[in-house]
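Full structure from sequences and hints, please.
Below are the chains, spelled out letter by letter.
Number of protein chains: 4
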Amino acid sequence: MANSKFEYVKHFEQPDNLLPNTWVVVRIDGRGFTKFATKYAFEKPNDKRALDLMNAAARAVLADCQDITIAYGISDEYSFVFHKSTALFERRASKLVSTVVSTFTAYYIYLWSTYFPDTPLTTPLPSFDGRAVCYPSVQNLRDYMSWRQVDCHINNLYNTTFWALIQLGGTRAADKNEILFSRFSINYNNEPEMYKKGSVVFRDYELVEPGTHNVAQEIEGIVEPVQQSKTQTEKDKKRRSKARIVVEHLDIVGDDFWDRRPWLLSNTPGKIPKEP
Amino acid sequence: MANSKFEYVKHFEQPDNLLPNTWVVVRIDGRGFTKFATKYAFEKPNDKRALDLMNAAARAVLADCQDITIAYGISDEYSFVFHKSTALFERRASKLVSTVVSTFTAYYIYLWSTYFPDTPLTTPLPSFDGRAVCYPSVQNLRDYMSWRQVDCHINNLYNTTFWALIQLGGTRAADKNEILFSRFSINYNNEPEMYKKGSVVFRDYELVEPGTHNVAQEIEGIVEPVQQSKTQTEKDKKRRSKARIVVEHLDIVGDDFWDRRPWLLSNTPGKIPKEP
Amino acid sequence: MANSKFEYVKHFEQPDNLLPNTWVVVRIDGRGFTKFATKYAFEKPNDKRALDLMNAAARAVLADCQDITIAYGISDEYSFVFHKSTALFERRASKLVSTVVSTFTAYYIYLWSTYFPDTPLTTPLPSFDGRAVCYPSVQNLRDYMSWRQVDCHINNLYNTTFWALIQLGGTRAADKNEILFSRFSINYNNEPEMYKKGSVVFRDYELVEPGTHNVAQEIEGIVEPVQQSKTQTEKDKKRRSKARIVVEHLDIVGDDFWDRRPWLLSNTPGKIPKEP
Amino acid sequence: MANSKFEYVKHFEQPDNLLPNTWVVVRIDGRGFTKFATKYAFEKPNDKRALDLMNAAARAVLADCQDITIAYGISDEYSFVFHKSTALFERRASKLVSTVVSTFTAYYIYLWSTYFPDTPLTTPLPSFDGRAVCYPSVQNLRDYMSWRQVDCHINNLYNTTFWALIQLGGTRAADKNEILFSRFSINYNNEPEMYKKGSVVFRDYELVEPGTHNVAQEIEGIVEPVQQSKTQTEKDKKRRSKARIVVEHLDIVGDDFWDRRPWLLSNTPGKIPKEP
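Chains as they are written, first to last, in our numbering: chain A, 25 to 300; chain B, 25 to 300; chain C, 25 to 300; chain D, 25 to 300.
A couple of the hints might just be wrong.
Copies of the same chain look alike in the list, so a pair counts if it fits in one copy or across any two.
As the list claims (entries may be wrong) - The calculated lysine to aspartate or glutamate pairs, modelled on EDC-like cross-linking and capped at a C-alpha distance of 20 Å, are: (1) K261 <-> E67; (2) K29 <-> D275; (3) K220 <-> D76; (4) K29 <-> E244.
Derived by calculation from the structure, the hints in this document are not laboratory data. It should be emphasised that the depicted structure is a prediction, and the values quoted were computed from it without experimental measurement.
In C-alpha cells, the structure reads:
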C-alpha cells in the first residue's frame with residue numbers, strides 16, 4: 025500500500041542550513057520567568073538554587089553534545105556555542121535549536137527536585153525558547169560572549185542595588201545614599217562570583233601558557249565543516265568524553281581566559297589533567 | 025555603564041518569520057527513541073503507556089497555546105497545526121518550534137511517573153527535535169494530515185505483522201501464512217483504534233451537520249494574520265479556554281471529520297456542549 | 025587535473041527555493057529614475073514614450089517566459105506574476121528575480137532608440153532592481169494587484185494635480201482652486217487610460233461569460249508545482265505561444281476583469297480568437 | 025484617498041539580508057549561451073570579441089558600485105566580490121543580485137555594437153541570471169576565486185584540445201597524438217593569457233612590497249558593516265573614484281597577487297600611481 029498520493033507534501037519543507045564555517049550560538053531563554061520566579065518564591069535579586077539548576081541543565085547539554093565547545097549563562101538564559109566546523113544535523117537551524125532546547129528542558133524538569141527539594145514543581149511547567157545566530161569571525165564570537173557577560177554585570181549591579189534599596193525601605197534618603205555609595209560598594213565586591221560574572225561551562229583540560237599556542241592559525245586553517253580523518257575524529261571524541269565538564273565563574277571578556285584554553289576555539293582537545 | 029561596544033553583535037540575528045496566511049505545522053520527533061524504547065522495555069509493536077504519555081504531553085501543548093487548532097500523533101512523533109492566521113511570536117520559526125518542543129518535553133518528563141509508575145526515568149533523558157513547515161492551502165494541510173495518518177496505518181500494519189511473526193517464531197512457514205493472512209487479518213481489525221489511526225487532539229465543541237457551514241468561504245476571507253476586533257478576539261479566547269481538549273482516534277483522511285468540526289479550519293470556536 | 029581542493033566552496037551556496045503552491049510576484053523598479061527622467065527630459069507627470077518602452081520590455085519578458093501569467097506596470101515599476109504551480113528554476117528566488125530583471129533590462133536598452141529616436145542613450149545606463157514575494161491565496165494575489173493599481177491612481181491624481189499647479193504658476197490662489205476642483209476634475213477624466221489605470225500585460229484568448237467557469241475549484245485542485253501529463257503540458261505550451269500578448273489599461277480591482285479571463289488564474293490556456 | 029485596505033500585502037515580503045561580516049560573491053551566468061554563441065558564430069574555443077565585451081560590462085559594474093573590490097570572469101560567467109564590510113542595500117540578497125545583473129546586462133547590450141560592429145544584435149536578446157553566496161573567511165573567499173580560475177584553466181585546456189582535434193579532423197590517430205601531446209603543448213603556452221587565466225577586474229593603485237602590510241590584522245579588525253567615520257568614508261570614496269579600473273589576466277591562486285594589492289582585501293584604497 026503506497027502513500028504516494030499525499031507524499032508530495034514533503035516538498036514544502038524548506039532547508040534552513042546555517043552558513044558553513046561560522047560559529048553557531050544557540051541562545052535559550054526562560055518563557056515567562058518573572059511570573060515563574062514569583063510562583064516559586066525565588067530569592068531576589070539572585071536565587072542560588074535556580075542558578076545552580078540552570079547550570080546543571082547546561083552541563084547535561086554539553087555532555088550530550090560534543091560539538092558544543094562552551095556555554096555561558098546568566099539569569100534565565102543560556103548561550104551554547106557550536107564550533108564553526110560543526111556538521112551536526114547538517115547545520116540545520118531548527119534541529120540544532122530544538123535539540124538544545126529539548127535537552128535543556130528535560131534536565132531542568134528532571135533535576136528540579138534536586139535543587140528545590142522542598143518545593144514540588146506544579147503545572148503550568150517552566151519552558152524555554154531558543155534561536156540560532158551565526159558569527160563569522162572569532163572576534164564576533166568573543167564580542168558576543170563579552171556582550172552577554174557585560175550585560176550580566178550591568179543587570180546584576182542594577183538588580184542588587186534595586187533590591188538593597190527595597191530592603192532599606194524605611195531608611196532616610198541621606199542614609200540610603202550613604203549606604204549605597206559607600207558601604208554597599210564594598211558589599212558588591214563581596215557578592216558571589218556567580219552573580220557578578222555569570223557561569224561558563226566547558227570541558228576542562230590542562231591550562232597552557234599564553235603565547236605557546238597559535239590558535240588563530242589553527243582556526244583559520246579550518247575552512248569548512250568536518251575536515252579531519254576518521255581516526256583523528258575518533259581519538260578526539262574519546263578525549264572529549266574523558267574530559268570533565270566544569271562550571272566556572274570567570275572573566276571571559278579579557279584575553280587570558282581564551283589564551284590559556286586554546287581548545288575552546290581550536291576544537292582540538294587538550295591534555296586531561298592528572299588526578300591529584 | 026554602557027554595553028554599546030559589543031552590542032553590534034545583535035545585528036547578526038537573522039529574521040526567520042514564516043510566510044503569512046499559511047498553515048504552520050510544527051512536527052516533533054523523539055531523538056533516538058528506538059534505543060530509548062529498548063531501555064525502558066516498551067511493548068512491541070505498540071506500548072499503550074508510551075502513547076498515552078505522548079498524548080498527555082500533546083494535550084498540555086494545546087492547553088498552553090490557543091493558536092494550535094489541532095495536533096496529530098503517531099509513535100514518537102507529533103504534528104501541531106497553527107492556524108494560518110496566527111501571529112504568535114510574529115510567526116518566527118525558531119520561537120514557534122522551540123516553544124512547542126520545550127513545552128512538550130517538559131510535560132513528557134514531568135508526567136513520566138504517571139504513566140510508568142514502576143519504571144523511574146534515568147539519565148540520559150529522552151528529548152525531541154522539531155521543525156516548522158508552511159502549507160498554503162487547506163488542501164495542502166489536509167494532505168499533510170492524511171499523509172501522516174496513512175503512514176501510521178502502513179507502519180502499524182507492518183509492525184503488527186512483523187511482531188506477530190516474531191512471536192510465532194517456531195511455527196512452520198505454511199502455518200505462519202495461514203495465521204497471518206487468514207486468522208491474523210481478523211485480529212488486525214480488533215487492534216485498538218489508537219494503534220491503527222493514531223491520536224487526534226483538539227478542542228471539542230458541539231458537532232455540526234455537514235453542509236451547514238461554509239468553512240471554505242470563511243477561510244478564504246482570512247487573508248492575513250490577526251484581523252479581528254479586540255473584543256471578538258477576547259470572546260474567542262474565553263470560549264477556547266472553556267473548551268475541553270480531547271484525544272480521539274478517528275479517521276482524518278475523509279471529509280466527515282472536518283465537515284462536522286468547522287472550527288478546526290475556520291478558527292471560530294463552536295458551541296460548548298452541555299454537560300450531560 | 026582535478027579541482028577538488030577548492031570545490032568545497034560550492035557548499036556555501038544556500039538554497040532559496042520559494043514555498044510551493046504560492047503565487048510568485050517579481051517586482052522590478054527603476055534605479056534612480058528621478059534623476060534619469062530629468063537627464064532625458066521625460067514629460068511630467070507622465071511621459072508616453074517612457075511608459076511605452078516599459079510596456080514593450082514587459083511584453084518581451086512574457087514572450088520569453090510562459091510561466092508568467094500576467095504583469096502590471098506603473099511609472100518605472102513592473103510586477104510579474106508567476107503562476108502558483110510554476111516549477112521554473114525549481115522556484116529559486118535569485119534565478120527568478122535575476123532572469124526577469126536581466127531580460128527586462130536587455131529589452132529596455134535595446135528598444136530605447138525605437139521609443140526615443142531622437143535621444144541617444146548615454147552612460148551611465150538605466151538599470152533595475154527586483155525582488156520576489158510569495159502570495160498564498162488568490163485573494164492575496166488580487167489584493168496585491170489592487171494595491172498597485174490603487175497606488176497608480178493615487179500617485180497619478182497627485183502628480184497630475186501637482187504639475188497642473190506648477191503650470192498655473194502665476195495664477196491667483198482663488199483661481200487655482202476654481203481651476204483644480206471644478207474645471208480640472210473634468211480634465212482628469214479625459215486623461216489617457218494608461219496614466220490612470222497603469223498597464224496590464226497578458227496572453228489574450230476569447231473572453232468568457234462570467235460565471236461559466238469555476239476557476240476557484242480549478243485553482244484549489246492545483247496543490248503542487250507541475251502536475252500535468254507531459255502531453256497536456258506540450259499542448260498548453262503550443263497554445264500559449266500562439267496567443268497574442270496584449271498591453272491593456274483596464275480596471276483589475278473589480279471581479280469582471282478576472283471573471284472574463286479565467287486563464288489568468290487557472291493557467292489553462294483559453295481559445296485563440298479568430299482573425300477578423 | 026487611502027490605500028490601506030490592500031496595503032497589508034506588503035507584509036508578505038520576506039527579509040533576505042545576508043549575514044554581516046562575510047564576503048558576498050554575486051556570480052552571474054549567461055542564459056543559454058551555447059545557442060547564443062552559435063547564433064552569432066562565436067569563434068571556438070574562445071572568441072576575443074565576446075570576452076572583451078564581457079570584460080567591458082564588468083568594468084562598468086565596478087564603476088557603478090564602489091562596494092565591489094574585485095571581479096573575476098571566464099567564458100560567459102562573472103563573479104563580483106563585495107567587501108565583507110559592505111552595507112549596500114542593507115545586504116539584501118535580491119537587491120544586490122538584481123542590481124549587478126541589471127547593470128551588467130545593460131552594458132552588454134549597449135556595448136555590443138562596439139565589439140561586434142558588423143553583427144547587429146537581434147531578438148531574442150542575451151540575458152544573465154545570478155545568485156549571491158557568502159564566504160565567512162578570507163581563506164574561503166580566496167579558495168572560491170581559485171576554484172573559478174582553476175576551472176577556467178581546466179575548461180580552456182579541454183576546449184582548446186577538443187577544437188584542435190576537430191580542426192585536425194582528417195588526420196590519422198597517431199599523428200593526432202603526436203600533434204596534441206608534443207607540438208600542441210607548446211602551442212598551449214602561447215595561447216593568450218586571457219584564455220588561460222581569465223580576467224581579473226579591480227581598482228588599480230601602486231603595488232606594495234609583499235610583507236609590508238598586515239592585511240590579515242586589518243581585516244580581522246573589521247567586525248561589522250560600515251564602521252568608519254563619515255569623513256574617512258568620504259575620503260575613501262573620492263580616492264576610489266579616482267582609481268583606474270583595470271582588466272588583467274593574472275594568476276590569483278598564489279599569494280603574490282594578493283600580497284601586492286592589500287587594498288583588495290582591506291578595502292582601504294591605495295596610492296594612485298603617478299602618470300608616466
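These are the hints, each one checked on the structure:
1. K261 <-> E67: neither (40 Å within a copy, 34 Å between copies)
2. K29 <-> D275: between (58 Å within a copy, 17 Å between copies)
3. K220 <-> D76: within (14 Å within a copy, 45 Å between copies)
4. K29 <-> E244: Result: close only across copies, 16 Å inter versus 49 Å intra.
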